[in-house]
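> Okay, here's what each chain looks like letter by letter:
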Amino acid sequence: MNWNRKDLLGLRELSADEINFILETADAFKQVGTREIKKVPALRGKTLVNFFVEPSTRTRTSFELAAFRLSADVINISATTSSLTKGETLKDTARNLEALHADILVLRHSSAGAAQFLAQRLKSSVINAGDGAHEHPTQGLLDMYTIREKRGRIDNLHVVIVGDILFSRVARSNIFGLTKLGARVTLVGPSTLVPREFEKLGVTVSNQIDKVLPDADVVNLLRIQHERQRKEYFPGISEYTTLFGLTKERAKLLKPNCLVMHPGPINRGVEIDSEVADGLQSVILDQVTNGLAVRMAVLYLCGGIAA
Amino acid sequence: MSAIIIRNGRVIDPANKRDEVVDLTIVDERIADQSAIKNQKTETIDAKGLIVAPGLIDMHVHLREPGFGHKETIASGAHAAAAGGFTTIVCMPNTLPAADNPATIAWIKDRANRTASVNVLPTGAISKNIAGEELAPIGSLGQAGVVAITDDGHCVQNHELMRRAVEYARMVGLPVLDHCQDYNLVGNGVVNEGYWSTLLGLPGWPAAGEEAIVMRNILLAELCDHHIHCQHISAAGSVRLIREAQARGVKISGEVCPHHIALTDEAIQNFDTNYKMNPPLRSKADVDAILEGIADGTLSILCSDHAPHAGFEKEVEFDQAPFGIVGLETALGIFIDQLVHKHHKIDIVRLIKMYTLEPAKLLKLDAGTLSVGAPADVTLIASDLEWTVRTDQFQSLSRNSPFDGWKLKGRAVRTIVNGKTVWSL
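Chains as they are written, first to last, in the numbering used here: chain A, 659 to 965; chain B, -19 to 405.
Just so you know, these hints were derived from the structure itself, not from any lab. Glycine included, every Cβ here is placed at the ideal spot set by N, Cα and C. Treat the hints loosely; a few may be bogus.
Claimed, not checked - One side of the interface only, derived from the structure: several residues of chain A facing chain B at Cβ under 7 Å:
| no. | residue |
| --- | --- |
| 1 | G771 |
| 2 | A772 |
| 3 | Q774 |
| 4 | A791 |
Full structure from sequences and hints, please.
Right, here's the structure in full:
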């Protein structure tokens, strides 16, 4: 197929074919990572700006490394070092970056829709690295890549996503991507963080993790974002762990080949027990490795269109 | 002595239950009997095929002056009103400084007298600085000439304070208008809580956040035996609550904005901030309930909630953009198009009543009728004229409208204030 998008804003607007095409492109780039010389000239002479208005270590580093491996020049800008702190609007900051001939803008922002906002206004490629509670498409893609790598397919697998779904962009990108590729998705968490409205997105909602785990092919645990949540959403961390944490005991309910995933950063002892996070079923670090290949694929495809 | 005869129009005057093709006479800035024309110079306006209505009243407008003249001035807002067919507009008090004191009211009235092409009637704040903590000097505001009190844009959360405000307003004889929003339930919500907020990850503004305060207002209207008017009703539950309370004789009423019947929250999916307003666009079921509320008379008043913002203020991230859209120049067209032509919910006579007699009654205005002796405020309407909204032709200083490019049927073609044509197509 021909890739014809300059931007990657979310997985909702992608077709199953487009998602598969990114995953196949990532296969080739994953192989590059195993060579002694891990660099290819695909984006040589291009400038990529990592524009992270919201803090991030993992995603920013992953994009930076992906760009290096594609031979792009990389600039990192964070909220505190940008003119946003001087009252400049997002649009003006981005247009200034474009005036410096930035070819690809990777945006992390606390507002849903921020990436789309810039994509509509810039000729540069815009890659969404997380916009509020909306989407985090490369995380969704690397999760799917990891499932496909470990289980050989996505179609007909039962993927259980546990935790704070309401505020999670990772959950939304996973829901959109996984349902397009034929997976069955169940969302589990407190009723306050997993509203029934999600069922209209073609997924099942459950508040009883013990009933769901035995049938799972993949369990993806989301971090409880206690820095974001107002206290009304649930009574406290220890009650959350009691009701929804993937404890050692609960992990015994899992099928032996069920994958345990987490987008990180993990809170050991809260949503997942330490032993489970480091256990044989855990593919948490594979996710990180795969994230690099997936982001190389996305930068390569979108960066090629913007040229 | 000067006279105008508006000839052969369909005169619709709900206050006098009039609907007939007849000439309308204006002598010396007042509606007059034809016999009042003697030998004075007489201008003739041909209104054949047009509706001759009492000057329309928009009782929910933000004029932004003092404080935010880059968004709208009293002069520009008044001209936008004239272009939309309105001869009287009621401006909200959330200016800078807030209209919570007689001096600011005097300033607004003076400014309006000197610069506005239509009648501008100020409201005063319920609470000092619209902060919801202490009562504003409601009696002095009344003496300064406000037509109602409201904290619009904000909502008094303390029920005790609101109760005292309503009791006090009753003594002064001022109606109370309320923007219904429970801050705890709404939190940082920016769009209707439902399918689209879930899909897009935008903070939800639940309908219950409006309904809870509508219910509060019903209880206080009963307790204080005084009228409370609920502004810009957006939710089905609010319509039901108001309908049930009115059936019990409670002095409660509600108004409707064009966007809450013409659009649903589906419109937000591209994060276009011209679809961001407060209260937010809601579901199809809410729109249907509002249309029913209009049809059965539960919701008796139409208004625009004209809320101008500069382009650069709106062109930001969705959750950071200010709420509100301009509406004066599209409101009448959308209401005629949607209510009369598209949904057949009411006829043009009822629509005119909701835009003239009803707000005039609520606010006790000497306006909204074509009775002999009334001020000669007249709007000529072409109810079947097809036209296209062009925001770049707006008289308003601001362009923040979701209706650019909409094809509408029906609009005002001439606006007459005190016998003087202030705008014509």
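> Hint by hint, note whether the structure agrees.
These are the hints, each one checked on the structure:
Satisfaction of the interface hint for G771 (chain A) is found here, the shortest Cβ-Cβ separation to chain B being roughly 3 Å, below the 7 Å cut-off. With a least beta-carbon distance of about 5 Å to chain B, the hint placing A772 (chain A) at the interface is held under the 7 Å criterion. Annotation: Q774 (chain A) was flagged as interfacial toward chain B, and the flag holds, the nearest CB pair being 6 Å apart, inside 7 Å. Taken as an interface hint, A791 (chain A) checks out: its beta carbon lies about 3 Å from the nearest beta carbon of chain B, inside 7 Å.
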